[in-house]
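Colleague: I would like the entire structure built from these sequences, with the hints used as guidance.
Quick note, the sequences are listed as chains A and B, same order. When you line the first sequence up against my numbering, it's residues 1 to 111, in that order. When you line the second sequence up against my numbering, it's residues 112 to 231, in that order.
Treat the hints as calculated values from the structure; they're not laboratory data. Fair warning: this is a prediction, and the values are worked out from it, not measured in the lab. Hints may contain errors.
Stretch-level coverage of chain A by chain B, calculated; a stretch enters the list once three of its residues show a Cβ under 8 Å from a Cβ in chain B [as the list claims (entries may be wrong)]:
1) 25–38
2) 47–54
3) 90–98
4) 103–111
Below, computed lysine-lysine pairings styled on DSBU-like, alpha-carbon distance capped at 30 Å [to be verified]:
5) A:Lys55 x B:Lys154
6) A:Lys68 x B:Lys154
7) A:Lys44 x B:Lys154
8) B:Lys154 x A:Lys107
9) A:Lys47 x B:Lys154
10) A:Lys107 x A:Lys55
11) A:Lys44 x B:Lys188
12) B:Lys188 x A:Lys47
For every residue, glycine included, the Cβ atom is placed at its ideal position computed from N, Cα and C.
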Amino acid sequence: QSALTQPRSVSGSPGQSVTISCTGTSSDVGAYNYVSWYQQHPGKAPKLMLYDVSKRPSGVPDRFSGSKSGNTASLAISGLQAEDEADYYCCSSAGSYTYVVFGGGTKLTVL
Amino acid sequence: EVQLVESGGGLVQPGGSLRISCAVSGFTFSNYEMNWVRQAPGKGLEWISYISGRDGRNVNYADSVRGRFTISRDNAKNSLYLQMNSLRAEDTAVYYCARGGGSYADYDFWGQGTLVTVSS
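Modeller: Have a look at this one:
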């Protein structure tokens, strides 16, 4: 199984919206509604931001939303804030429910 | 408060072995699936292993570690383990234990990680 494809970097100004894509195949993103997104600040452990494509864990602001179309999932962040600057990783079941692949990660810069 | 604390990382020579542990607290460990995820220095996240809750009968491994790594759990000790054999330089990474959130590919709590360095 290959890693999912994400843009290396995206950027936006405070208050703006950005979208990060995550492209896989019909064996992973396209096959399962088990896509999740993680936020990681430098030197810190990852934090779950979305799961099952679009569900938010308790405590995650509704500025974060997710969607999926075919083999591509997307994370949208609206009303950008300085603290959103971080690396973001998508993740999907692949081949079986418990076999998982991550994307290469996207660095979000808040200008 | 849910806590996951990894330990056991360190420097090991290529071809060597190491066992890392993850001690958990704040939840009923036996009820949860657990995973190991690693991150090489300056690189992205890589899922490497899964174990089911209860008896841990179901396991799964990334192709990169299958046959070399073994995941296990001791519910009485609230601990998760990863036995790593035939280590290679490319196994150098921070290893995180992560709790399954109840669905798939959702890891709702993570430890702070333990660094494993494979070098001569």
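Colleague: Quick one: which hint numbers does this structure break? Sort them smallest to largest.
Modeller: none
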